Amino acid sequence: MSSHTPEKLAYMVNQIARNLALDPDPVGMVAQHIQDFWTPRMKHMAFALDGARLDPVVREALARLAGQYGAAAAS
Amino acid sequence: MGYERQADFGTPEVRSDTQVTCTIDGRAVTVPAGTTVMRAAALTGGAIPKLCATDNVKQFGSCRMCLVEIDGMRGTPASCTTPVAEGMSVHTQTPRLQKLRKGVMELYISDHPLDCLTCSANNDCELQDTAAQVGLRDVRYGYAGENHLDQPADTSNPYFDFDPSKCIVCSRCVRACEEVQGTFALTIDGRGFGSKVSAGLASDSFLSSECVSCGACVQACPTATLQEKAVKEIGKPERAVVTTCAYCGVGCTFRAEMRGEQLVRMVPWKDGKANRGHSCVKGRFAWGYAQHQDRILKPMIRSSIDEPWREVSWEEALGHTARELKRISEKYGRQALGGITSSRCTNEETFLVQKLIRAGFGNNNVDTCARVCHSPTGYGLKTTFGTSAGTQDFDSVEDSDVILVIGANPTDGHPVFGSRMKKRLRQGAKLIVIDPRRTDLVRSPHVAADYHLPLRPGTNVAVLTALAHVIVTEGLADEAFVRARCDWDEYRHWADFVSDARHSPEFLEPVTGVPAEALRGAARLFATGGNGAIYYGLGVTEHSQGSSTVMAIANLAMATGNIGRRGVGVNPLRGQNNVQGACDMGSFPHELSGYRHVSDAGARALFEAEWGVKIDPEPGLRIPNMLDAATDGVFKALYIQGEDILQSDPDTKHVSAGLAAMECVIVHDLFLNETANYAHVFLPGSSFLEKNGTFTNAERRIQPVRKVMEPLNGYEDWQVTQELARAIGLDWNYTHPSEIMDEIARLTPTFSGVNYARLDAEGSLQWPVNAAAPDGSPIMHVDGFVRGKGKFVVTDYVPTDERTGPRFPLLLTTGRILSHYNVGAQTRRTANVAWHPEDLLEMHPTDAENRGVKSGDWVRLASRAGETTLRVTVTDRVAPGVVYTTFHHPATQANVVTTDYSDWATNCPEYKVTAVQVTPSNGPTDWQEGYEELTRRSRRIEGGAMEAAE
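Going down the list, the sequences are from chains A and B. Position in the first sequence (first residue = 1) + 8 = this note's numbering. Position in the second sequence (first residue = 1) + 65 = this note's numbering.
Because the hints were derived from the structure by calculation, they are not lab data. Do not rely on the hints blindly, as some may be mistaken.
[Claimed, not checked] Computed cross-link-like contacts, DSS-like style, restricted to lysine-lysine with a CA-CA straight-line distance of at most 30 angstroms: (1) B/Lys679 to B/Lys772; (2) A/Lys16 to B/Lys396; (3) B/Lys854 to B/Lys447; (4) B/Lys391 to B/Lys854; (5) B/Lys164 to B/Lys447; (6) A/Lys16 to B/Lys772; (7) B/Lys679 to B/Lys335; (8) B/Lys335 to B/Lys396; (9) B/Lys261 to A/Lys16.
[To be verified] Looking from chain B toward chain A, a few residues come up when the C-beta cut is under 7 angstroms (computed): (10) Asp120; (11) Glu134; (12) Ile135; (13) Leu179; (14) Glu298; (15) Gly300; (16) Glu303; (17) Val306; (18) Thr865; (19) Trp969; (20) Thr984.
Predicted, not measured: the structure shown is a model, and the values here were computed from it. Note that CB positions come from ideal geometry on N, CA and C, so glycine has one too.
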C-alpha cells in the first residue's frame, strides 16, 4: 500500500526533475519546487534518500536545499 | 421578491453603435439601430400583444397578434419584424388594430381547451393574458369545429409534460431548441391544420428523442403545452429568489420559484451574466436531491467504523469532535490534523474551513478537490501569466473566429456554455477539437469541427508542441505581440525548442496518432484565422504532464497574440460550481487567499494581525500526501466538508487505506457518502438552497447564493464550521456570511472591492475588483500580464510511466456525461437516472469483437491498481485501443482501476490514462462484493432503519 516510502519520494522528485530538465536552471527550479510545495517532513525524508536512486539534478538540488534546513542530503 | 413573470421584451437585444429615435404612441424612445418596434415599445413600458415572439429567440412573425400602424407606411406591419427608423411614428392601440387582433385571437381560442380554472398555467399563461389584453369576449366560430383537443399528452419526460391539445403552434419551443440550446430535437411535423410540434422522429417520445431536457422549450412556451410536472403537482409559485446554481463551473443564475417553503421550479434568470437565460437538465430540473429522504439531518458519532452510528445533539457531536481533535493533537502533534474544503460549498464556507485549519489546527494541512481537477491550471497560468485563472468572460466567445477545444466536452460537462459556443459556431466560427473521443462537438446538427485531432491519451504536450512547431517554423507567430508583451529571450529559447525537427508533426505522428497533415492544417487555422480562443478541461489537467500542458496552451496563446481582448484567451472550463472560488480562498496547502505563498512574510503578517495567531510558514500536506502520511501513522484526523474522496479520488484502495488508518474522520455532508463509510463523526450539511454566500464561476464571476428555505438540519454550513471552531477554542462571532466576505476583502487584494451590497446591486463581480479595477475584470491581461512580461516555458514531452503492454493492452480514459455530476451523489438522487442508470464502458467495435463482447455484456475492467465490473457499450466514438467510462456510480467505483500516477507539479491524478484489460465477466469482483458489505455495515444507525442504499 502506498505511503511516503523512499521509493515513492524518489519517484516524485525524479519526476519533477525530468519535467524541468530543459529549464535554464534545472537545479534551482527543482530546489524551489521542493521548497514551495513539500512539507518539512517530506523534505527531511528526501534529504535522507539514497543518492543512487536520484537524478543528478535532484541530488544537487537537495544538497542545496538541505543546507537551508540544517540537514545534510545523503549522497 | 413576490412572484412576477420575468420581463419579456419580445425580440432579442441588438448591439449597434448607431442610436435611432422614434415615437411610439406619442412617447419618444431611443434605441440601437436594428431594434424592433416591438422591443422599443416594450422598453417604453407599452407592451404590444404577442404570442410567437419572445426575447430569447429571433423574431418569427407568424402569430399576427403584434400588428401596429406606422405613419406613412401602408397596412399593419408586424412589430416583431419591423425595425425602428429615425423619426418613425408608431401607433400600437387603434380601433383597427383592436379589431384585427381580436379576430386572430378568436381563431386561436376556437381550438384551445376552455379549462383555464383547472389548467396548471392558470394566471401564469401568456395566451390567457393576451386574450384579456385584446378584450376577447366571444368566439364567433364556436368550439364544435375540427380541432386538436383530443390529442394525447406525452408524459415520458420525468420533469415536464407535452400536451399538444393546448399547443398554438407558435414554434417558440422549436426555435428555442435550435437557437438557444442548439440541439435541434424539435420540429413542426405536418402542414397547415395538421402542423404539430414533434420531438425527434414520429415514433419518438420526448424521452426517447434527442431532447436533452435543458428546459428551453418549457421556458419559451406561452401556454401549458410544455409544463413542469412540479407546477402541475404543487401549483403556481408565489415568490421567487434569484440565486446561483450549485452544479458546474458555468455558474448559471436561476430564479428559485417557491410556494411557501417548497421549491416549485428553478427557472434560468434572463439577467444572469453567465447563462443569459439558459439552463441545462441538472440546474433546471435535478434539484430534488436537496429534499431527498437520504438526507441526514442529525449529527452522528461512533468510536469505530465497525460500530453503527449514534445520533446525538449538535452540542454532543461538536464537543466530542473537539475533544478528539485535542487528544490527537496532543498525542501525535499538530501536524497530525488537516482538512479538505469543497468546491461545492460557498467562498465563505471554504474560507472558514481553511481558517479553522490554519488558525485552529495550527498548520497548513488544507487541500481542496481542485487537487484532483484544476490544480495544474493554477500552477500553469500563474507561472506563465501571473494569475491562477482563466482570462475571459463567457460573452467573449461571441467574438471568437477560431475555437480550439482540447480535453473538454462542453456540451456534456458545461452544457450552457456549450450551447453558447455552438451558437457562435453556427454563425461561422471555425472549430478545432483535440480529444481522443469523437465528442458531440465534433459533429452535431449544424456544427462540425474543421479539424478533429484524435490523439492517443497522454500525448497532449506532444500535440501542442507540434502545433507550436508549425506556427513558428512557418513564420505564423505574432512576433510583434510577443516583443511588446512577453520576455523576448524566453520566447527565443522556446521558439528554438519547438522548431527542432523532433517536434514536427511528421516525427511525432507515431507517438500521438494524429495525422501530420491534419495537425498542420489545424495549426495554420489557429494562427491565421482571426481571434483564436482556447477552451480546455480535465482532459488537459488530469495527466502526469497536466501542468506542462496548461503552460503549453499558454505558450500557444501568447505566440499567436491571442491574449488580452475579447474573442481570444485561455479558458479553463471548471468542473464544479466553485472550483475557482475554493482555489481563490486559500484552500491549497501552500497558499493563503489570493494565491500568496505561505512563505511570504508580508502576506502572513496580514493574516496574523487579523486572526491573532502565527501562521506556519511551511507548506502543508496535499490530499494524496495526507493519505500517505496516514498510512505512515503520522496523520490521524481529517475534517472533510462537502467532498467524497473515496469515490472521486484515484486508486480507491489507497484512499480507503489512508482513511482507515486515521482515528478521527469528520464528514460534513448532505448524505452518508462513500467516504463516510470510514468516518467517526458525521455533521449534517445544508444544500445550496438553505444558505447564503457566494460562488465564483469559471470566468472569475463572484455571484450571490441566497437562502430560499430554512436549513433542514438547523444550520448553514458556515455556522457548523464556526461552532466547531468555537468548540476548539477560537473566538469566532460571525452573524452573517457578508461579514466573512468583508474579512476576505480585507485580506485578499483581488477581492478588496467586493462586498454584499455591491453584489446585490450589480448582480455579480469579476475579480480582480480593487482600486486598479473598481468595476471588476471581465478580460484579464488587457494592457500587460499580471506578472509583468508573459513567460514562455519550455514544455518537453515526457511520456507517462503508465504504459500499455501484453497484460494491459488498452488505455482507459474517464469522464462525465450530461445528466450526472461528479460522483453522482446529487444527480443519482433525482430522475436523471432515467438517462444514465449505471456507468458504462465505451469500447471500439474492433476491440469488442476481439474479446467477444457486445453492447450490454458485463465485462471485467482490470488495471495494475485494481478491477471492477460494468457493462459495455460498443461505439466508434472511441478509437481502437481506447476505452472510456464515467465515475458517477459507487457500485462501479471506476477509481478502483485508476492509478496513483499524478501530475509532476501538483499531484493532480492521472485519471485520463490507465492501462487496462477488458474480459468477459459473469458478476461483480471480490472487491465490489466486499465493498457492498462494508457499505451495508457502515450505514447502520443505532435504533434506526438501515440507511437507504446508494
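Tested hints:
| no. | hint | in the structure |
| --- | --- | --- |
| 1 | B/Lys679 to B/Lys772 | violated (35 angstroms) |
| 2 | A/Lys16 to B/Lys396 | holds (27 angstroms) |
| 3 | B/Lys854 to B/Lys447 | holds (12 angstroms) |
| 4 | B/Lys391 to B/Lys854 | violated (48 angstroms) |
| 5 | B/Lys164 to B/Lys447 | violated (66 angstroms) |
| 6 | A/Lys16 to B/Lys772 | violated (46 angstroms) |
| 7 | B/Lys679 to B/Lys335 | violated (47 angstroms) |
| 8 | B/Lys335 to B/Lys396 | violated (56 angstroms) |
| 9 | B/Lys261 to A/Lys16 | violated (65 angstroms) |
| 10 | Asp120 | violated (50 angstroms) |
| 11 | Glu134 | violated (72 angstroms) |
| 12 | Ile135 | violated (69 angstroms) |
| 13 | Leu179 | violated (70 angstroms) |
| 14 | Glu298 | violated (50 angstroms) |
| 15 | Gly300 | violated (55 angstroms) |
| 16 | Glu303 | violated (53 angstroms) |
| 17 | Val306 | violated (42 angstroms) |
| 18 | Thr865 | violated (10 angstroms) |
| 19 | Trp969 | holds (4 angstroms) |
| 20 | Thr984 | violated (26 angstroms) |
In this structure, the earlier hints numbered 1, 4, 5, 6, 7, 8, 9, 10, 11, 12, 13, 14, 15, 16, 17, 18, 20 are contradicted, and the remaining ones agree with it.
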